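Participant: Chains as they are written, first to last, in the working numbering: chain A, 1 to 195; chain B, 1 to 457.
Treat the hints with care, as some may be off.
[Claimed, not checked] Calculated lysine to any residue pairs in the SDA-like style (CA-CA distance at most 25 Å, straight line): (1) K299(B) to A121(A); (2) K135(B) to E403(B); (3) K299(B) to K114(A); (4) K114(A) to M413(B); (5) K179(A) to E403(B); (6) K235(B) to R306(B); (7) K418(B) to K179(A); (8) K114(A) to V47(B); (9) K235(B) to V47(B).
Quick caveat, the hints were computed from the structure, so don't treat them as lab data.
Every value quoted in this text rests on a predicted model; they were computed, and no experiment measured them.
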Amino acid sequence: MAGVAALALAALVPAASSASPSSGCPAAWKSGWQALANRIQAPVYCPTWMPNPLDAKIGGDYIDINSVAKDRSYLISFLEHGDLGSGDVHVNFRGYPGRTAIPTCTTVVLTGKKPIRGKTACFADAAGTRTDRGIRATVYRVNQDADQWHILLAWRHKGSLYTVSQHVIQPYTYRQVVKNLDRLLAGLVLVRPEG
Amino acid sequence: MRLTRRRFLGGAAAAALGGAGIYELVDKLTPAPARPVAGPVPPEQHVFHQGSVQSEGVEVVVPPLHSEVVTAILTVDDLHAAQHDLEQTLGELDAAYSPDPSGLGVTVAWGLPYFLHRVPAQAKTHVPFDRRANKPVLVPERRFPSDPDATILEHNDVAVLLRSDSLDHIEAARKALFEDLHIFHMTSIRRGFAGGGFSGKRSLPKKMAIAAGIPGADLIPDTSELFLGFTSTQKAGLGPGLIANHETLGFVDVRSGYFHGGTHMHLSHISEDLEAWYLNFDFDERVLTAFRPGLTKVKQGAQTVRQGPRDISTQAELARQFKQTGRFGHSASIQPASRLLQDVVGPDGTVYRKGTSIPQRADFNTLDNPFAFSANPARDKLSDEPVAGVHFVVFNPSGDDFERNRLAMDGVMPDGTKLEVGPRSRAQGFNSVLTTTHRQNFLVPPRRHRSFPLAEL
Chain A
1 MAGVAALALA ALVPAASSAS PSSGCPAAWK SGWQALANRI QAPVYCPTWM PNPLDAKIGG
61 DYIDINSVAK DRSYLISFLE HGDLGSGDVH VNFRGYPGRT AIPTCTTVVL TGKKPIRGKT
121 ACFADAAGTR TDRGIRATVY RVNQDADQWH ILLAWRHKGS LYTVSQHVIQ PYTYRQVVKN
181 LDRLLAGLVL VRPEG
Chain B
1 MRLTRRRFLG GAAAAALGGA GIYELVDKLT PAPARPVAGP VPPEQHVFHQ GSVQSEGVEV
61 VVPPLHSEVV TAILTVDDLH AAQHDLEQTL GELDAAYSPD PSGLGVTVAW GLPYFLHRVP
121 AQAKTHVPFD RRANKPVLVP ERRFPSDPDA TILEHNDVAV LLRSDSLDHI EAARKALFED
181 LHIFHMTSIR RGFAGGGFSG KRSLPKKMAI AAGIPGADLI PDTSELFLGF TSTQKAGLGP
241 GLIANHETLG FVDVRSGYFH GGTHMHLSHI SEDLEAWYLN FDFDERVLTA FRPGLTKVKQ
301 GAQTVRQGPR DISTQAELAR QFKQTGRFGH SASIQPASRL LQDVVGPDGT VYRKGTSIPQ
361 RADFNTLDNP FAFSANPARD KLSDEPVAGV HFVVFNPSGD DFERNRLAMD GVMPDGTKLE
421 VGPRSRAQGF NSVLTTTHRQ NFLVPPRRHR SFPLAEL
């Protein structure tokens with residue numbers, strides 16, 4: 001059923017959310033990504049394609065989280081929440097300027113008395129690599145926080161760590177999410193800070 | 001090979017009429033493994049010689065490729081005639097097939113309704129009594145703390161477990177018992193498979209899950225014996241020889257001896273959320289969840305994790321790990337209840353060493369949702385949409401012994417100590433991705449009394 005829903009969604013929503021990677025960050029999306037690069041004073045990766053029905057306009061209809069931390073790391077999240085049964089489509093972009101180590105996340109185990117806190121890698125269960133457009137990304141299958149239940153690609157560029165992930169949930173199966181991430185990876189363009 | 005939705009639905013429709021549907025793929029996807037030459041037919045129905053191989057340095061039993069359980073209620077009142085007819089058919093199956101997976105294993109188990117309604121007086125006298133629990137070995141079905149309220153407690157008269165590497169053998173047996181003989185009304189057919197990956201090739205569960213389009217199928221390790229990624233049939237984790245017989249460990253009074261050589265069987269269906277398992281638990285967490293916290297020397301990607309007598313957890317260790325980490329492993333929580341606490345000498349002189357496993361499992365993966373066929377599809381919530389699951393079949397000396405194991409899985413120890421975690425908490429890992437849909441207990445008579453036990457008295 002999930003696959004059928006995804007196909008139906010794809011048929012109904014024209015490919016307005018894609019552009020050729022050679023043309024750079026799509027014009028409708030560029031200002032937001034440029035502003036992000038300027039804000040963190042580091043390059044960011046702008047997608048040129050997004051899974052239906054999302055676009056990647058920061059400040060647009062699908063933006064869910066637009067967060068920059070004190071250390072300049074960012075999380076940009078796009079979400080279509082299918083209240084009518086069409087399912088969720090959820091894609092996250094992260095960047096960690098000036099650091100390449102996999103970040104650490106907090107875990108909380110709820111027990112009968114008091115919660116026990118621990119630490120774990122935010123991205124784990126590496127399952128091979130994907131290479132496209134000069135990016136060699138590692139596939140992570142078990143991820144934390146906003147990337148929980150997502151498949152995530154992580155790669156390093158000039159001393160910084162970047163990720164893109166998508167939630168495995170209807171209407172997209174695991175296999176479709178992997179394909180989507182391949183297509184996202186193939187369409188990433190670097191946006192450098194101005195000024 | 002990817003099964004199209006149309007083909008799967010065709011298979012499901014065929015299944016209701018007796019065909020094997022999607023499970024016919026098993027024979028196309030995996031050749032039958034080599035099997036040792038079978039010995040004579042054992043007096044016990046549940047004892048089934050399967051052979052073993054080495055997997056990652058650990059001896060593992062190679063399960064039959066196909067398993068099937070058919071449940072039924074009786075349609076006859078003349079038990080003497082039915083007993084004669086059933087025994088004749090079973091005898092013909094014994095003569096036709098060797099008693100190992102290359103032939104056929106047939107285990108006929110009887111539910112509490114049979115004993116209560118068909119042979120109540122004889123049952124009062126002859127059904128073995130669990131002295132440790134102070135109750136009969138066959139106890140009413142119950143839900144456990146991690147079971148949802150929707151878990152259906154079944155009341156079948158009989159269940160027949162069929163095991164073979166050949167689907168044809170299983171189909172022939174089911175036809176002989178449930179179509180040619182007119183003494184049973186089938187209430188369900190439950191089908192499945194296991195293994196096929198010990199040679200280093202892609203295993204059956206992975207192939208079948210992919211063929212059926214199960215969510216998370218791609219995440220199953222290629223050679224995994226079962227959907228959840230770990231080898232379940234290592235020899236040290238299964239009760240040896242006759243240990244699951246009522247009489248072997250001494251806590252069951254077999255009374256008249258009628259059921260000497262018999263055992264208790266629990267049957268349940270459990271659905272498994274593979275995406276939740278593989279996308280939320282990394283390998284290290286899957287290990288500590290399946291086995292125990294602190295098990296840190298397991299090679300990444302390992303599937304067979306040694307669980308010999310020296311590797312098991314005591315209740316004290318379990319409690320200490322729980323205090324430190326707030327969680328407990330599946331195997332570690334069960335072991336204080338499922339392993340011998342001291343050496344035991346069986347009535348035949350066999351010595352069972354401390355740490356030996358008691359339960360003899362015969363569980364197998366399935367794509368049934370929840371069954372391949374149900375006579376009551378609305379009650380059983382029967383669906384054509386395949387789901388990952390397991391038909392859990394286990395033999396214990398008594399129903400109480402099974403309950404001790406199952407309660408321990410939920411953190412309730414045999415002495416009453418409770419490891420306080422929520423019923424489906426991530427802290428007890430496995431349970432958070434499992435949902436039990438059906439349960440029933442059965443008594444498995446020895447082979448000599450497998451047909452309508454006690455009816456002749």
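Participant: Indicate, hint by hint, whether the structure satisfies it.
Facilitator: Evaluation of the provided hints:
no.: 1; hint: K299(B) to A121(A); result: 18 Å, holds
no.: 2; hint: K135(B) to E403(B); result: 13 Å, holds
no.: 3; hint: K299(B) to K114(A); result: 32 Å, violated
no.: 4; hint: K114(A) to M413(B); result: 21 Å, holds
no.: 5; hint: K179(A) to E403(B); result: 46 Å, violated
no.: 6; hint: K235(B) to R306(B); result: 10 Å, holds
no.: 7; hint: K418(B) to K179(A); result: 46 Å, violated
no.: 8; hint: K114(A) to V47(B); result: 46 Å, violated
no.: 9; hint: K235(B) to V47(B); result: 14 Å, holds
When held up to the earlier numbered hints, the structure conflicts with 3, 5, 7 and 8 and fits the remainder.
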